[in-house]
Structures are given as structure tokens and as C-alpha cells.
Amino acid sequence: MTTPSEPASAQTSPSLTSPGQTSPAETSPRAVAIIARKELVESLRDGRFRALAVSVLALLIAGLVAGSLETRQARQAIDSARAADHDTWVGQGPRNPHSAAHFGHYAFKPRPVLSALDRGVDAYLGRVVWLEAHWQDPFSLRPAEDRTALQRFGDLSAAFTLQVLAPLLVIFLGFAAFAGERERGTLRQLVSLGLEARTLALGKALGLGAALALVLVPAAILGVAVAVVTGGGAAASSWVDAALLVVVYSVYFAILLGLVLAVSASAKSARGALVVLLGFWMLSTLIVPRLVADAAEKRYPIPTPRAFYSAIAEDEARGMGDLGSRAERRQKLEQQVLAEHGVETLEALPVNFAGLSLQASEEHSNLVYDKHYGELWRLYLGQERAHLWGAALSPMLAVRALSMAVAGTDVARHRHFARAAESHRRELVKFLNDDMTYNAGDAAFGYLADEGLWRASPTFEYQPPGLGQVLGRQLPALAWLALWLVIALAVAVRAVGRLQPLPGVSS
Amino acid sequence: MLEARSLSKEFDGHPALTGLDLKVESGEVFCLLGANGAGKTTTIHLFLGFLTPTSGQALVAGTEVASDALAARRRLAYIPEQVQLYPSLTGLENLGYLTALGGRDDLSDAELRGFLERAGLQTEAASRRMSTYSKGMRQKVAIAVALAKGAEALLLDEPTSGLDPKATNELSNLLRELSQEGVAVLMATHDLFRAKEIGHRLGIMKQGRLLDVLDASAVDHGQLEQIYLDHMHD
Chain A
1 MTTPSEPASA QTSPSLTSPG QTSPAETSPR AVAIIARKEL VESLRDGRFR ALAVSVLALL
61 IAGLVAGSLE TRQARQAIDS ARAADHDTWV GQGPRNPHSA AHFGHYAFKP RPVLSALDRG
121 VDAYLGRVVW LEAHWQDPFS LRPAEDRTAL QRFGDLSAAF TLQVLAPLLV IFLGFAAFAG
181 ERERGTLRQL VSLGLEARTL ALGKALGLGA ALALVLVPAA ILGVAVAVVT GGGAAASSWV
241 DAALLVVVYS VYFAILLGLV LAVSASAKSA RGALVVLLGF WMLSTLIVPR LVADAAEKRY
301 PIPTPRAFYS AIAEDEARGM GDLGSRAERR QKLEQQVLAE HGVETLEALP VNFAGLSLQA
361 SEEHSNLVYD KHYGELWRLY LGQERAHLWG AALSPMLAVR ALSMAVAGTD VARHRHFARA
421 AESHRRELVK FLNDDMTYNA GDAAFGYLAD EGLWRASPTF EYQPPGLGQV LGRQLPALAW
481 LALWLVIALA VAVRAVGRLQ PLPGVSS
Chain B
508 MLEARSLSKE FDGHPALTGL DLKVESGEVF CLLGANGAGK TTTIHLFLGF LTPTSGQALV
568 AGTEVASDAL AARRRLAYIP EQVQLYPSLT GLENLGYLTA LGGRDDLSDA ELRGFLERAG
628 LQTEAASRRM STYSKGMRQK VAIAVALAKG AEALLLDEPT SGLDPKATNE LSNLLRELSQ
688 EGVAVLMATH DLFRAKEIGH RLGIMKQGRL LDVLDASAVD HGQLEQIYLD HMHD
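Chains as they are written, first to last, in my numbering: chain A, 1 to 507; chain B, 508 to 741.
The following block holds chain A by itself, in its conformation from the complex (with noise of 0.2 Å):
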């Protein structure tokens, strides 16, 4: 039998403490830098990760590579078309102005370079319009109305998977980040170091969003870079709109780490903390977005066509306000256009008065669009706006709204773009019911004009929106991401800052 030998003295300096020894907390951030590293290697050596980040990787590729194939192969048909639609317009021949403005010609909308990313609501609200005489039409060439309900599933844009799938990765990565560590009994021997929870958590943080970004950032320079090709070179504003759209889904993923950590620091167990993120997860990305669909519908209930075009030609007929019937307005302003003239009939005039007439007509049809599609947009963008009502519940919502309003894909891009189309009809028309009216004489309809008319025409040039413009109108978006980063961040500081190192134990 060994005999322990006596307590040494109690003055004694262990000699295990060495002299150059620091204490973790004079170390913090070499700790978080520490702990960081450790992170990123476990998830690099975890199976299960790698698997899951290929397999996200993998999607956003497929997004990002389809999606610029779309759009390169839309930006070269809408050139082909406008070159084509340019050409007919000016190679119509001797044609009489109104006739030409009934025949008309088409404003393709332009594909943003960021759509490759995010196809928005684009596929849906349609990409071209036809400007004629009369008439507002609306817009044509919706992908989603040839699609079956099979395909749309299939529909995998890089938006949908960084919005969607990859908050899994996020879960997967961090729901046992303290919850697994307390059930396996290390988070006990991290503790008895004498480490900060903060830098636990910080490191852990760092960690995690660096096994992240070895997903997402060679995803984003792949989908710029592949943008950029396909793009024919992305303008300036081009790259400062991608780089917000870089910071807007990086909040997003700093969103869900927060909460992850949160989650996982305050569950008993990590299981409990996979099935609390998972509900999340299916409640922020599935049942929310629609739930607050559906109720947006009915709140701003779109109108069908059929009722639509009801409308506005029993408007047409029974006149604006107190305009009176067609008839009326006509008699109106062929009394009015012959006492400005000092004449007694409309031959005596020194204007064509079909000319006027037609523009008059045009006018009146530009009173009652305006009240019909203003309702319209309405409807849309209250839509819109109880979307985002959702994002109380989902934060997915907000970031959907930014990342579709910075690609340029979003409802009221749309309308910018509806809005400068028709008003450029408005001025051809204008401009050819002008020419019919001083040039025609007595010809009327009878009056042919030419090439020169043809290319003397306004064209057509949009001009989208500036970023603040579109930042502007996100203040609700974006406010929402920044209450839930201010959320996610104090829920994780509090959860960590309780963290119990024992399981099923309360202190």
C-alpha cells in the first residue's frame, strides 16, 4: 500500500502554472478565434454537412446558371423583337397616323441583370406590352400561365433556395451547437475552463457562419460572375445592387444563426431544438408566406378580366363624371372647336377635325384607364403590403421583398415599367392623332403618312428606377429585418447568457 505523502505547503506556487500563462478572458477575441476554427472543422469533417452544403451549393448553382440562361436568352429575344418591331414600325409604308397608332407596336421589358437570381414576379405579370391607339392592353408573354402545377415546383431560382432551402443548412449546422454539446458532456468541460458564454457563443457564431459562407460566397461570386457574362457586363449600378443584395442575405442568415443559437442554448435537448427549428422553419418558409397570401387575396380581391374590361367600357360609354355619353362628348367638342375657330362648319376649319376628335376620344379613354388600372395597382401593391405584414412571423418576407425590389423583379418595378409604357403610348398617340389633325386637311382618313412620320415617332426608352427609389420604397422591409436582427441578437444574448453547462439540471 502506497502512503500519500503530506499536503504540501500551502504557500507553495503550483508548479503546472506557468509563468507566460494568460487567463481566457485576457484572450477573448483569440478565443472566439479559437473556438471559430473549431467550429469550422467539425462541420467540415460532419458527413451529414457536407452532404447538405453539395447539395445547396448544387441547387444554387442550377438556379444561378438557369436563371442567366433565361435571362440571356430573354434579353437576346427582346433585342431580336425590338429590332424586328422597330423595323415594321418604320417599314410600314404610307399609312394614315390613326391607322398606324392602331397598328401599334410592343415595349418589351428589360431583364435586369439580378433576375437571374430572382425571377420574382416577373413570370406572372407578363414582359410585354402592345401600345395602340384606344386601347390599354395588358401585359403578355407570362411564363406561369404556361406552366402545368408540376413544373412550378421545379421552378428552383437561387432566390428561392438562399430564402427556402438554405435556412435548413443554417438549422442543421446550429441546432446542437449547445444543446448536442450539453447532452454529449462537453459543454460542462468548456465551462469549467473558465470560458465566457458570450465567447462560446461568438466563436461559435463566427464559426458556423464560416462553414456558411464556404457555401454561399463561391456561390455569389459564381452567380455575378455568371451574371456578368450572361449580362453582356453589368453596369456599375449593377454591382452595387448586388452587393446590397449580398448584405441582405447575409442579415438574413445572421437572423436565423441568432435564433438557431438561441434555440439550441435554451432547448433541453438537442432534438427538442431540431423539432423547434424545423416547426420555425416550415412556419416562416411554408405556412406564412401562405397564409398571408390567401388573406391578402381577400383583402385587396383582384378583379377578373371579364369584370375588368366590363368596367371600364361601361365607363367609356356612359362617359367620365359629367362628360357625357360618346355621342355627347363629340357634340360637345364640335361646338366647342367651332366657336375657338370663329366657323360654322366643320369643313370652314383650318384643322382636321377627325384628328381632334380622335385625341379627344384619347383623352376620355386616358381618364378611365387611369381610374381602372389605378384601382388596379392598388389592389397589387396592397397586396404587397400585406405580404409584408407576414414578415411579423417570417422573416423570409421581408427578405423576398428586398431581394426581388433589388433585382428589379418585384410588383412595383412592374408598375414603374407599366406606368413609362404607357405613357409613351399616350405621347405616340398624341403625337400621331396631332399630325392627322394639321396635316390630313380635308383627306381625313384619306391622308396618308410616310416613313419620315414613322421615324420621327417617339421612341421608347425605360429608364428603371434608382436604388434609393427602390430602397425608398422598402423602408417597411427593411425595417422588418432590422427588428428581427435586434430580435434574433437579444434572444441569442439572453439564451446564452442563461446557458446551463448540465443537462436537465436547473442551477
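Simulated from the structure, these hints should not be mistaken for laboratory data. Values in this document were obtained by computation on a predicted structure and should not be read as measured data. The beta-carbon is built from N, C-alpha and C at its ideal position, and this holds for glycine as well. Possibly wrong hints are sitting among the right ones.
A short list of chain B residues far from chain A (calculated; beta carbon distances all over 10 Å) [what the hints assert, rightly or not]:
1) R512
2) H521
3) E571
4) A584
5) Q591
6) L599
7) Q629
8) E665
9) K673
10) V720
11) Q733
12) I734
A few chain A residues facing chain B, derived, Cβ under 10 Å [unchecked claim]:
13) A31
14) V121
15) L190
16) V191
17) L193
18) R385
19) A386
Once you've looked at the hints, dock chain B against the given chain A.
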């Protein structure tokens, strides 16, 4: 180095530890003996600050654990019954990680290997992943962490449970060495034989109370066993 002053802990109104008064000096090995539920592990968890006392104080080098757990933990090393480390990291990586977080991020791989060797881990095992380690090997890594950290006090919770005799003997020798170097050791154990062999003083606990404190050199194995059983049967 370690001191408990009227230390008590209740869980949902049920006492787990009642009025513990205890001092473990530097260089002393104090073994807490008792059946399951005696309060041994609760005592260790209170010194680590994993639990907050219902009343009384736990102090490490004069620092009250409840008021500054971080400062107290920096002087301690803890070896639980089941040492759990990171399975995807090697023994050396685990040691490097934990010692760096314990404040020693200045150690080279060679120095870390030296600590593993001193803890009794075979050299070739250092580069293997933890998932291949036995319980005894994991415990040696935890001891190496304590060595590298330069802990002033060691808290061990049933360290010999499940170890083979050779590993148990190696652990005993190492604890004696550390004691001679001035490290205070508080060890909770069921193993009367090892406690008598390693400890300077032996505390017998039952139902959260410290019933008796014996000078290990004043009793032999048979006497210790008899005293222990007498307390258990009271």
C-alpha cells in the same frame, strides 16, 4: 484552496446538500465517499459554479464561486466520470483546443504531446480521432488538459469508475504527483480502496450531509470499510 462554508443546495425543495463545511488545502487530496445521492457530485458542481447554492458559500482560493464563477474556474480543472470530448478531433486537437480556451494558446504541439505523455497516453494515440478512444484514454486527455492549464485545484467525479486496474493505478500515481506539486484535489468516489490509497483526508457523506472526516493515514482499509458501512447503516 477549496472551501465550503455551510454550503447547501436544494432541488425543488429537496435537499441535495446540507450545511457542508469543508477545506481542502493546496497539495491535499480530499476524497468524498458516499452512495449515490449522497451529495458528492452536487458539491463538485457547486465548486464549479454549475449550480447556485441555496445557502452558504463555495470558495476557490478565496473567491466566492457564486459571485465570480469565471475567476474560480480559471484556477480549477474538472474531470467528470464520463469525460466527453469532440469525436471528430484527434486527441492532440482536443487537448490543443481545450488548453487554448483555458488560457494556454502558447503551447506547441510538442509541448502538448508532452502533457499527453505525462498523463499516460501512448504517443501514437495523440493523432487518432477521439471517436476511437476508450474511456480511460479520454480521461487521460482531460488530465492532460488539467496539466497544461496549470490548474491549482482538481475536481474529480468518480474518476476510477469503469477504468481497468492499470489505468486506475496510473491515475492514482498521477494524482499523488500533482498533490506533491501543490495541487489541491477534491475527488468524489465509491472506491474506498483507492480513496484510502490516494487521499489525505476522507469525508463520508450521506443524504447530503458530511457525516465524518477521517485522516487517511490513521485508518487501515478494514477500519475504513467498517466506519463507512456503519454510517451507511445508521
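query: Holds or violated: is there a CB of chain B closer than 10 Å to the CB of A:A31?
result: Holds - the Cβ of A:A31 comes within 10 Å of chain B, reaching about 6 Å at its closest.
- request: Identify whether the interface hint at A:V191 stands, where standing means a beta carbon of chain B within less than 10 Å of its own.
  value: Since the shortest Cβ distance to chain B is 7 Å, the answer is holds.
- prompt: When you look at the beta carbon of B:Q629, is every beta carbon of chain A farther off than 10 Å?
  reply: holds, 22 Å
message: Please verify that the nearest CB of chain A lies beyond 10 Å from B:E665's CB.
response: The claim holds: B:E665 sits with its nearest Cβ about 13 Å from chain A, beyond 10 Å.
message: Quick check for students: does the CB of B:Q591 sit more than 10 Å from each CB in chain A?
response: violated, 4 Å
message: Quick check on the hint: A:V121 CB to chain B CB, less than 10 Å?
response: violated, 44 Å
Hint check: 10 Å Cβ-Cβ cutoff, A:L190 to chain B: holds, 7 Å
- request: With 10 Å as the threshold, tell me whether B:H521 passes as away from chain A on beta-carbon distances.
  value: Non-interface label on B:H521 holds, nearest chain A Cβ at 13 Å vs cutoff 10 Å.
- prompt: Can we trust that B:V720 is non-interface, i.e. its beta-carbon lies farther than 10 Å from all of chain A?
  reply: Holds: least Cβ distance 14 Å, greater than 10 Å.
field: chain A versus B:R512 - minimum CB to CB distance exceeding 10 Å, so not interface
entry: About 17 Å separates B:R512 from the closest Cβ of chain A, which puts it past 10 Å; holds.
query: With 10 Å as the cut and Cβ atoms as the points, is A:R385 at the interface with chain B?
result: violated, 48 Å
message: Please verify that the nearest CB of chain A lies beyond 10 Å from B:I734's CB.
response: holds, 17 Å
When the structure is compared with the earlier hints, violations turn up for hints 4, 5, 14, 18, 19 and for no others.
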